[in-house]
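Colleague: What follows is the residue order along each chain.
Protein chains: 2
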Amino acid sequence: MSRTTSELSLKEACEYLLGRDQILILTHAQPDGDTIGSGYALALALKALHKQVAVRCADPIPHKFTFISLSLEPEEFEPQTIVAVDVADCKLLGSLCEEYKDVVDLCIDHHVSNVRYAKRLLLDANASATCEIIYGMLKIFETPLNRHILSALYTGIVTDTGCFKYSNTTAKTHRIAAELIDAGVDYAEINRVMFDTKSRERVKIEGAVMDNMDFYFGGRVAVIAITRKLLIQTGANDSDLDGINALSRTIEGVMVGVTLREKKDGKIKISLRTNAPIDATSICHRFGGGGHPRAAGCEFTCPIEEVTEQLLPVIRESLEENGCLI
Amino acid sequence: MSRTTSELSLKEACEYLLGRDQILILTHAQPDGDTIGSGYALALALKALHKQVAVRCADPIPHKFTFISLSLEPEEFEPQTIVAVDVADCKLLGSLCEEYKDVVDLCIDHHVSNVRYAKRLLLDANASATCEIIYGMLKIFETPLNRHILSALYTGIVTDTGCFKYSNTTAKTHRIAAELIDAGVDYAEINRVMFDTKSRERVKIEGAVMDNMDFYFGGRVAVIAITRKLLIQTGANDSDLDGINALSRTIEGVMVGVTLREKKDGKIKISLRTNAPIDATSICHRFGGGGHPRAAGCEFTCPIEEVTEQLLPVIRESLEENGCLI
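The listed protein sequences derive, respectively, from chains A and B.
Numbering of the first sequence is given in the working numbering, commencing with residue 1 and proceeding in unit increments.
Numbering of the second sequence is given in the working numbering, commencing with residue 1 and proceeding in unit increments.
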């Protein structure tokens, strides 16, 4: 099916939403801070404009983000307008994909890889987070920034930028943060919950993972394997694994951090994090995956032991091409 | 000895330095990113004003900060002006204290606890880092912000704020960060080195520590023990332990994180990190120590096994007093 997606400017997207009602906002499955923050900040702003609005997500909202989702009273209505936030591909809607893949009226996103599945698209690939774009919309709406909206926006920005740490952070990101702080966001508490709070199970699995990390090519590649067995042993669940993909790349000398994760259905999900100049996307692309230059993913259906056999030669090639092998 | 410290405004401090030459800048001992960043950013700015300038520190500059200190060519001269940066008390000059304690002409600092040992003081307790104050001075000096100065200032700010995570971060901090990014600071690389680079030894000891953490009082207290044996097993050294004291407090439900560290001389160094309302200082004070409300320390001379026996009842008392026992 071919579709024509019309690209909207920030102002046009705002005008479109101002003319609509009964708005259902969709976040991506396995929701993170940015999709949740974007969804609820936008919903609360539209609510303040006296519209009927609801947010749906295929998966449960992780515990640490419920302070955001609880800010909106659930409401039953027949949606007239479907908006997707931070959803680069309709597949990322998870179990909601079938129902909504052809009927998204507006997608608001910051992923340059957006596949243009929606009827209308507001895309700003320079935004560190979709929440930055939503902040721009709220300025046009002249939405009063209450505590809930501030928390939602700040959470989205800090979770997508690693608290202003990563290269997607811009001067504009900092200027928005300054404005959110001026408006009274409780940033220190949000950051404590987002970055400095670990469950006991997380501590256990992080310890086990660090203890059992494998190194290849003179320490240029570090591999973490999160098996079902390890999850059962440590009692860790999905939300305990949040951010664990970033762990291996942080080790001195490591250019490519690989996290293998055995899923319930036996498939192996690969998450690749690289340091410049290694391109994570091109490696994952070889196995049917994709992503960002420094963070990409793909999936294997073979046993976990065979995954590294297939993956390592391709990583080696990339290290060699970039003169990164010692 | 009584001394009169005159408090200078930002402009007065700049005028003072503009009228001086042969300037020696002192950082505090066991230097961190802020004292080093402040010292070298100021030194490079004064150098650009054609002054003779040098920086001294009682202790070696940690490896991860040498990219800052190497930006200034060493120079021999007879100091006419002594400036201390980020040094709240002349004792913090370490082994340089004796030589300089009575002759500091200007102290530039952001610690509200500054003991006013210098002849002149530029204090801004609202600044997240002394580097914020230095940035203000450089604006008055109209210093061109080259790569070295940008790196020094940004490093000081991010290390003192936990990359904009902690409550000392202000809207102004973010606005300065935006200006440093506009000026071209390589922030992603600096943050990678400061926050996302761990040695393999660090990963090993962190894994072992997490695996072996003990919990008390329904998970309200977490205890980490870093024994000499563990250090030898993992090959970790002092710099690998940097920040490890903060680990236990980050676990959900933990109000008091205790790190026991066996020193070479057999003494046990205790580091206590608490969440509000538990007062770390009052607990450590009972054992002859002290510190800040949320981070304090003390020392024991008994065997490591006996330390918890002495410490836990006092912590329990504090938890009970504050209604934090479940």
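Check the hints yourself; a few may be wrong.
Once the Cα atoms are required to be at most 30 Å apart in a straight line, the calculated BS3-like pairs of lysine-lysine come out as [claimed, not checked]: (1) A:LYS64 x B:LYS204; (2) A:LYS91 x A:LYS264; (3) B:LYS269 x A:LYS229; (4) A:LYS263 x B:LYS204; (5) B:LYS267 x A:LYS204; (6) B:LYS64 x A:LYS172; (7) A:LYS172 x B:LYS11; (8) A:LYS204 x B:LYS269; (9) B:LYS264 x A:LYS204; (10) B:LYS172 x A:LYS139; (11) B:LYS101 x A:LYS204; (12) A:LYS204 x B:LYS172; (13) B:LYS11 x A:LYS204; (14) A:LYS64 x B:LYS172.
Covered, in the sense of this in silico footprint (three residues per stretch, anywhere, with C-beta under 8 Å from a C-beta of chain A), are these stretches of chain B [to be verified]: (15) 16-29; (16) 45-55; (17) 117-125; (18) 155-167; (19) 247-260; (20) 297-303.
Some chain B residues close to chain A (C-beta under 7 Å, calculated; not the full set) [stated by the list, open to error]: (21) ALA88; (22) LEU96; (23) GLU98.
Hints are computed from structural coordinates only; laboratory data are not their basis.
From the three backbone atoms N, C-alpha and C, an ideal C-beta is built for every residue, glycine too.
Colleague: With reference to the structure, classify each hint as holding or not holding.
Modeller: Results of checking the hints against the structure:
1. A C-alpha spacing of about 28 Å is found between LYS64 of chain A and LYS204 of chain B, which places the hinted pair at or below 30 Å, so the restraint holds.
2. Restraint check for LYS91 of chain A and LYS264 of chain A: the C-alpha separation of about 19 Å stays at or below 30 Å, so the hint holds.
3. Taking the CA atoms of LYS269 of chain B and LYS229 of chain A, the gap is about 37 Å. The hint is violated against a cut of 30 Å.
4. Restraint check for LYS263 of chain A and LYS204 of chain B: the C-alpha separation of about 26 Å stays at or below 30 Å, so the hint holds.
5. Proximity of LYS267 of chain B to LYS204 of chain A is assessed by CA-CA distance (about 29 Å); at most 30 Å being required, the pair is judged to hold.
6. Distance hint between LYS64 of chain B and LYS172 of chain A is fulfilled; the C-alpha atoms sit about 28 Å from each other, no more than 30 Å.
7. Distance restraint check for LYS172 of chain A and LYS11 of chain B: the Cα-Cα separation of roughly 29 Å lies within the 30 Å cut-off, and the hinted pair is therefore satisfied.
8. Distance check on the hinted pair: LYS204 of chain A and LYS269 of chain B sit about 25 Å apart at the alpha-carbon level, within 30 Å; holds.
9. Proximity of LYS264 of chain B to LYS204 of chain A is assessed by CA-CA distance (about 29 Å); at most 30 Å being required, the pair is judged to hold.
10. Taking the CA atoms of LYS172 of chain B and LYS139 of chain A, the gap is near 21 Å; set against the 30 Å cutoff, the hint holds.
11. Taken as a hint, the LYS101 of chain B and LYS204 of chain A pair is broken in the structure, with Cα atoms around 48 Å apart against an allowance of 30 Å.
12. Note on LYS204 of chain A and LYS172 of chain B: the hinted pairing is violated, with a Cα-Cα distance of about 38 Å set against a maximum of 30 Å.
13. Of the supplied pair hints, the one linking LYS11 of chain B and LYS204 of chain A is violated, its CA atoms being roughly 53 Å apart against a limit of 30 Å.
14. Taking the CA atoms of LYS64 of chain A and LYS172 of chain B, the gap is near 28 Å; set against the 30 Å cutoff, the hint holds.
15. Given as covered by chain A, the region 16-29 of chain B fails the check, having 0 residues with a CB less than 8 Å from a CB of that chain where 3 are the minimum.
16. Counting residues of the region 45-55 of chain B whose CB lies closer than 8 Å to any CB of chain A gives 0, which falls below the minimum of 3, so the coverage claim is violated.
17. Figure legend: the region 117-125 of chain B, annotated as covered by chain A; annotation inconsistent (0 residues with Cβ-Cβ distances under 8 Å, at least 3 required).
18. Closer than 8 Å: that is the beta-carbon criterion, and the region 155-167 of chain B has 6 residues meeting it against chain A, so the requirement of 3 holds.
19. Here the region 247-260 of chain B counts 5 residues with a CB under 8 Å from a CB of chain A, which clears the bar of 3, and the coverage holds.
20. As drawn, the region 297-303 of chain B meets chain A at 0 residues by the rule of a beta-carbon pair under 8 Å; below three, the given contact is violated.
21. For the restraint placing ALA88 of chain B at the interface with chain A, the shortest Cβ-Cβ distance is roughly 22 Å, beyond the 7 Å limit, so the hint is violated.
22. Annotation: LEU96 of chain B was flagged as interfacial toward chain A, and the flag is violated, the nearest CB pair being 31 Å apart, outside 7 Å.
23. Proximity of GLU98 of chain B to chain A is violated relative to the hint, the smallest CB-CB distance being about 37 Å (cut-off 7 Å).
Consistency note: the structure conflicts with the earlier hints numbered 3, 11, 12, 13, 15, 16, 17, 20, 21, 22 and 23.
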